[in-house]
Amino acid sequence: MTENSQNLKLVTTALLLGILMSAMDNTIVATAMGTIVSDLGGFDKFIWVTSAYMVAVMAGMPIFGKLSDMYGRKRFFIFGLAVFLIGSALCGIAQTIIQLSIFRAIQGIGGGALMPIAFTIIFDIFPPERRGKMTGLLGAVFGASSVLGPLLGAYITDYISWHWVFYVNVPIGIVSLFLITRYYKESLKHSKQKIDWMGAITLVIAVVSLMFALELGGKEYNWNSAQIIGLFGSFLVFFIAFFIAEVKAKEPILPLWLFKRRLFAASQLLAFLYGATFIIMTVFIPIFVQAVFGGTAKNAGLILTPMMLGSVAGSSIGGIFLTKTSYRNLMFISIVSYIIGIYFLGTMTPETSRTLVTLYMILVGFGVGFSFSLLPTASLHNLEPQFRGTANSTNSFLRSFGMTLGVTIFGTIQGNIFTDKLKEAFKGMAGGGGASFKIGDPRQIFQAGERSKIPGFVLDKIVNAMSISITHTFMLALIPVVIAAVTIFFMGNAKVEVSRKQKAS
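Letter by letter, the sequence shown follows residues 35 to 539 of the working numbering.
The set of hints was computed from the structure by calculation and includes no laboratory data.
Hints are all accurate, no fakes.
In silico DSBU-like cross-links for lysine-lysine, where the CA-CA straight-line distance does not exceed 30 Å:
1. Lys43 / Lys219
2. Lys358 / Lys529
3. Lys284 / Lys294
4. Lys228 / Lys294
5. Lys228 / Lys108
6. Lys455 / Lys79
7. Lys108 / Lys284
8. Lys282 / Lys228
9. Lys228 / Lys284
10. Lys529 / Lys294
11. Lys294 / Lys358
12. Lys461 / Lys79
13. Lys108 / Lys43
14. Lys294 / Lys282
15. Lys457 / Lys79
16. Lys108 / Lys219
All of these numbers come straight from a predicted model, not from anything done at the bench.
Throw the hints in and build the complete structure from the sequences for me.
Laid out in structure tokens, this is it:
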């Protein structure tokens, strides 16, 4: 009995380390991005470092979830860890932004196996009465990764090297790999299921086509060019094919019948919209701090921390009041804080005080934090046990899908606004004082030493262009957030019901 209990603790530790590593990866990289761009170049392609990882995670989640049901969770969790570690090591030796994006995709394949399988193993090894406590622990790890990621990324970047932002995964992953291999004794009973390969393939092709169209449109090719129109056409065709595949599939990636439940459908749409907008805050606030305020990666990480702490507070409060009022009432608190925070972030200028920026961060973090604890629970509300895993993976999948589209669409918008503002600011200055500065290579504003060499009036124009491009993007992000506010009305009055016996205990 004691040995079994000890094994459970060690297996849980392995799972938590795996989740910490994969969940932390986006925030730890976000704070180092300015420094990475200044070293590797490719400012116009930096958004792919984040989106390549998320596309791979999104594509892998439903596939690895099904494979683990068929052939065992342990082997695919180990596979995910191994691929994630290989991808991390490759990222650390990347020489160009393109290489880094490719290696991040490899990382993402591993991450796609880690996240859903870890949650499923928790449900496998713990009885129902302990699952609530354990999922709360997983939520705490998510919160910790949100806080630890920016700080760790900032300090590693400033005091060691951005390469170690990726290398740091290796020792964490090795410990997790050892514990799960040594102490997880898996049942050999697995159910054979048919994998929805057609759904997976058509969805990935549709998403990648859309991302390339948005990334290349207006840059490499005109929006009305055959290449861009072809990519949008590919997206439309494969997206329709995906829905047809889901209707016909016996075990679909996205079970469409679940969307007939109003609370479930609203929760999925909210997960998508929150994911699409929160990733923008995570990516562009550190860029704003470094490029506009002239801070280091460490400053970027520290200034992002209040937003992450706010999200932990929001998630905790949402969980505490889950049995006291409806999902809808709690999500209204969330959306009000979220809208106010994003609006004020959209009003920032180079003169905005750090104190105000910190307050705006807290509002955004507090608002989005509710969604972390409420939306997964709302997705499972009154669902039979055999459908809970599917519902949970659907919620995670759509949040990842939202993040993938959000970072691509809003990243493209920001890049286009920045380019337009630069051209406008430097129009007619070919023979002026700005001639010696490479306007097409804005990396110097991320480096304190190089930044000081830029003529003051030139630096002001570049900083102003960067500031406007990011704040305008934040304002545009209010559109999906307002849609989220409307969606909350459709959640109804459902809330978590607790029996008298459970309350007494």
